[in-house]
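Student: Here are the chains, one letter per residue:
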Amino acid sequence: MTVMEFFGCTFIAFGPPFALFVFTIARDPLRIIVLIASGFFWLLSLLVSSILWYAVVPLREQLVFGLVFSVLFQEAFRFLFYKLLRKADDGLQKVSQTGQEMHMTPRDITNKHIMAYVSGLGFGILSGAFSTVNVLADMVGPGTIGIYGDSKYFFVATAFLTLSFILLHTFWGVIFFNGLDKKQYYMVALVVGSHMLLSCLTLLNQRTSSRDSPLYLASILPAYVMTVIMGVLAYYIAGGSLANVRSCFPCGNARKYEID
Amino acid sequence: MTRLRCYRQFILFILSCISLGASERISSKTYVIVSGNVACIRRLNGTHQVGCSSEINGNVGVLHYINDTDSLNWLINSGPHQPYVALLTSLNFNRDTVQQLRNSKKITGIIVIHTDDSATTPLPDSFSPADKCPGDLYGLYHNNQEYGNCKKVTWNEDGNGMFFEDFEFPISIVTNKNETDYLINNCYLKFNQPTQGVPREYPLCAVQMKSRMAAAKDSETCIRRTNTPTNLNPDKYCDALGDKNVIGFFKDVPEDYKPEKKSIILAMARMDSYSLFENIYPSADNQVSGIVALLAAAEALRKYKDHFDNTTKDILFTFLNGEAFDYIGSTRMLYDMDKGALPLKLKMDHIDRIVEVNQLAYREGGKIWIHADPVSRNDPNISSEINDMISTILDIGKNLSDIVGAVDQTQPLPPASTQKFLQKTLVPALVLTDHKKTFTNKYYNSRFDLAKTISAMVNASDNGYNHVTDQASNLTVAATLLARSLYTLATGSPAPEGLMAEQQSVTHMLYCFLISPNCDLFKQVIPPAREAFDDLASQKSPYPFYVSVYGQINNVTRIIQRLLTHYIGTVEKNHTESCTSSEKASLQLYNYLWMAGPLNSDNKTRTVTCVKSRVTQTKAYSPAFEITDYNGWGGFQYSTWTESSWATNALLLRVFLIPSKAMETSILSGGVILTLVSMVLIYFLNKKADILFAHPRPSSL
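Just so you know, the protein sequences line up as chains A and B, in that order. Read in order, the letters of the first sequence are residues 1 to 260 in the UniProt record's numbering. Read in order, the letters of the second sequence are residues 1 to 701 in the UniProt record's numbering.
Next comes chain A alone, as it looks inside the complex (with noise of 0.2 Å):
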């Protein structure tokens, strides 16, 4: 039974995203109001996306068309919400506990990146199970995938891209806001641009009638790279650095205390 693959990529696509839910968001009721938010925003994203592919009939068999705009969109509401966020300080601030009872403005309002972690979390999340979930609903038969002639690796590799777009999608969030915070308009350039770089190459995974396999790791590999590269800038602008890494194994537990 391939109920073991559905378990599989299951875990594979959202369990290091429900690791980062558990231990980053969930004690925190701001946050997950935010999450939600930025989640909604990407499903209006998608709404729009949906409303332009329905009504430009021509196009509707040509992927490449969609997915451009679909971009496109995503990364405009990214901003929008961006918008909201930067309005809503305020209210965000009465609604927080923390804020009320110790009289102090709470941690997630002074640490921008901290927002920025959690929308661009939310709007990975979303994008990620609105990707997988029909595959994941289709893979608890009995059968796998291959009796057309598909390839067998197909639900791995969704559920790979998966994961590397939602993580993606966090980095992107932290690096997107803080380019429109500091007003370094590059950085929002280079969001939008692997983005729709990333989502390209991922169009090698159609069959066509020359190549008969799907090329996963032509989409997998850049994405991967992607990630990291995206998570390490993400990190730098997060106030992270290679010294506070090391600092962070045993020699530096001191000075953590020392802080406190």
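Hints are not guaranteed to be accurate.
[As the list claims (entries may be wrong)] Have a look at the derived ranges for each label pair, beta carbon to beta carbon:
id: 1; chain 1: B; residue 1: Gln637; chain 2: A; residue 2: Tyr148; range: 49 to 59 Å
id: 2; chain 1: B; residue 1: Ala216; chain 2: A; residue 2: Val22; range: 39 to 49 Å
id: 3; chain 1: A; residue 1: Asn111; chain 2: B; residue 2: Val680; range: 17 to 27 Å
id: 4; chain 1: A; residue 1: Leu221; chain 2: B; residue 2: Asn185; range: 30 to 40 Å
id: 5; chain 1: B; residue 1: Asn186; chain 2: A; residue 2: Gly239; range: 51 to 61 Å
id: 6; chain 1: A; residue 1: Leu204; chain 2: B; residue 2: Val680; range: 28 to 38 Å
id: 7; chain 1: A; residue 1: Arg60; chain 2: B; residue 2: Asp534; range: 30 to 40 Å
id: 8; chain 1: A; residue 1: Val57; chain 2: B; residue 2: Asp181; range: 31 to 41 Å
id: 9; chain 1: A; residue 1: Ala26; chain 2: B; residue 2: Leu189; range: 45 to 55 Å
id: 10; chain 1: A; residue 1: Arg60; chain 2: B; residue 2: Asn67; range: 38 to 48 Å
id: 11; chain 1: B; residue 1: Val680; chain 2: A; residue 2: Leu44; range: 31 to 41 Å
id: 12; chain 1: B; residue 1: Gln82; chain 2: A; residue 2: Val22; range: 36 to 46 Å
id: 13; chain 1: B; residue 1: Asn67; chain 2: A; residue 2: Val57; range: 48 to 58 Å
Read the hints as simulated data drawn from the structure, not as lab findings. Small disclaimer: the values here were computed from a predicted structure and weren't measured. For glycine and all other residues, C-beta sits at the position ideal for the given N, C-alpha and C.
Model the placement of chain B on the given structure of chain A, informed by the hints.
Tutor: Leaving out everything else, chain B in the frame of chain A:
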């Protein structure tokens, strides 16, 4: 759909073929549904369950095509990927093979190829899923030292009894040629066929067979469970088999008519048969040949109806239903006689003689054989009457190119409804059939009892409707014999020369029953309603001759009633009230049926007719299911057959690939490891977030 389509652009979706459009789900790329799948279903009697059922979610096995002994032995001895689903050709599907496969414990289902195409479905030498001694337990000779259990003659030598076997796995046939080819070429040959005896590697092509039956154990249990509601939406586990008998009195009589004792000749034929698979019940020899002969005889006698007056006997044409399932129809008729529930309060003592026709298509030595009961011969009166009847019929047969012969006097009756009547009262009775000893039909109650095997096959196009086959002309002689015999037995005088069955009618009936019901004869007799014509036009295959569950009246039963009415009834010239008002009343002396009528000369319109006759339906429903607190389930008095019910989505056959265990396990463990590692990593990242994301202080710069 929009959601699905739209999003697939975004990340990834394989499109096998862009031009086909992008609206498929992944499941449609994973599974190929086999629609021409006809399952073996489960039936139950008072003590056992027989037939097949799958697991609740279906049985999944790797497909293995068996077309010779090598492939069979490979599966049994070396096939490593069990469980398997065996794909058998029609020649390989027999009890031996099934038993071998079953004993190997390696299979979880069997698919049999059964298409119209004789290249992919060659005709086996013999195949009969019935047992070797059909109907013995409920028959006249049950427990009889001398004749019981087929001691004298094993009627159905070729019977393998598979119909009465309980299979713990599903068995299906695939009726569509393209799907058969797909199973063999795209599934078996492509993925599974061992290369020089070495099994193939995963992924392998597998089949899911789903035919989950609701009933279990026996009729008593499932009826009890059905009648004990456990929730607000009660489940139905099984339904009793049954339908209607068709009976028609021949003579025209006054309204105050009361039948005298020994004044009726019972002319009987049986209407039903079975086969191993649902909805494939062709029954060409058993029972269409008998039905057609009796109907043609009735039609022939109609012309001499005025010879029948109050000095002659009446003929009761009787078509019994459910006889293949332990004599449901005849048992019920006798039960109704006792209860006075038949028209005219007909009783057994009104019956003078019985003439039954059985199979007539495979005439042994070119003859029809007369069988009589040796037990009745113990009574000297009956014995001499039997001898009179036999000699009468033999004389008539002599004039008809010596078409008839009598079997040895000590030979018991073959499986026939007459046995049931004689069990009640001994009366002179004959059974006319095509075999002298064992059945000449090699396909008794099987899916091969077809028009082509009795050489009555004609092309539906190409004016096949009017094409007289050898079988049709022979059956016409048989019908003439039957008509003349009935005439002589009823009137006591020799039959007139002109008393002949119509070859045309026999030809038409064979066509309508065996090739296509959408024929002019049936169109003449159906009700003059648009729905009736549409229904007939929508019939793609012949009507099934299976009694099926009690409730709705079978098409075959209706059409036989109408044909008999058409043949022996009187057309009412002026359409009176009786025609419009009383189509239903069954205990009245006369019945009236509206019929669409023959084509007019313009070949488009029909003249609606109203036919008056003494033809009616009676119940063919086992009393076992009507008697409150019936406790004879293990006895052999009343038929106890039921058919299991199944959910609407319970029948499914689909083909797909299954991954290797190694791949499945590595995916699952990969996922689990990834999740756990990320859990640990993120826990520590979060713990150390203050340090990791600490803004560099001037000192560290």
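Student: Hint by hint, say whether it matches the structure.
Tutor: Going through the hints against the structure:
1. B:Gln637 x A:Tyr148: 49 to 59 Å: Check passed, 57 Å falls within 49 to 59 Å.
2. B:Ala216 x A:Val22: 39 to 49 Å: About 47 Å separates the Cβ atoms of B:Ala216 and A:Val22, which means 39 to 49 Å holds.
3. A:Asn111 x B:Val680: 17 to 27 Å: 25 Å, holds
4. A:Leu221 x B:Asn185: 30 to 40 Å: Distance hint for A:Leu221, B:Asn185 holds at roughly 37 Å.
5. B:Asn186 x A:Gly239: 51 to 61 Å: Given about 58 Å between the Cβ atoms, the range holds.
6. A:Leu204 x B:Val680: 28 to 38 Å: Check passed, 34 Å falls within 28 to 38 Å.
7. A:Arg60 x B:Asp534: 30 to 40 Å: Given about 39 Å between the Cβ atoms, the range holds.
8. A:Val57 x B:Asp181: 31 to 41 Å: 37 Å, holds
9. A:Ala26 x B:Leu189: 45 to 55 Å: 53 Å, holds
10. A:Arg60 x B:Asn67: 38 to 48 Å: Because 46 Å falls inside the window, the suggested range holds.
11. B:Val680 x A:Leu44: 31 to 41 Å: About 35 Å separates the Cβ atoms of B:Val680 and A:Leu44, which means 31 to 41 Å holds.
12. B:Gln82 x A:Val22: 36 to 46 Å: Hint holds: Cβ distance 42 Å, inside 36 to 46 Å.
13. B:Asn67 x A:Val57: 48 to 58 Å: 50 Å, holds
Comparing the model with each earlier hint shows no violations; every hint is respected.
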